[in-house]
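Working from the sequences, and respecting the hints, build out all of it.
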Amino acid sequence: GGVASDPCCIPLDRLGPNLVSYFRGLVQPIELPPVAISGVGVTFGKWTPNLAVTVVAVYPPSDEGGQASASVLVRDWRICDEVAALKLTAEVEKWARSQVEDTIATRISSRD
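Position 106, counted from 1, in the sequence shown is what my numbering calls 106; the numbers after and before it change by one each time, with no gaps.
Check the hints yourself; a few may be wrong.
[As the list claims (entries may be wrong)] Quick list of simulated restraints, FRET-style, between CB atoms:
id	residue 1	residue 2	range
1	Arg14	Ile37	25 to 33 angstroms
2	Trp47	Val100	34 to 42 angstroms
3	Ile104	Gln28	31 to 39 angstroms
4	Arg97	Arg24	38 to 46 angstroms
5	Trp77	Val100	13 to 21 angstroms
6	Ile37	Glu93	16 to 24 angstroms
Simulated from the structure, these hints should not be mistaken for laboratory data.
The model shown is predicted, which means the values in this text are computed figures rather than measured ones.
Don't be surprised by glycine CBs; every beta carbon is placed ideally from N, CA and C.
Pasting the structure below:
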């Protein structure tokens, strides 16, 4: 696929697929080299990352001198496998669609 087959019409449309790729990459198991353990023999294994994430998103920026507001999307989220990565992606995407797109639509519709 090139630009002609890209179904995205704004950068926000790419948020979900980009987050999926990013989080999947972070939780890929890592093969450990064989280790000789006395009395046990040689062991093989995998190490799987376990990430703790707090995501905070602020939108829109406050007016000059105004009070800034923040939306906390998730708190103390653990990413230890692909399922958790996909759930976090869904939460961020849901927030982006409900908050960011609504704010953009409101701004566009209220222009003179």
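Which of the listed hints are broken here?
Violated: hints 1, 4 and 6.
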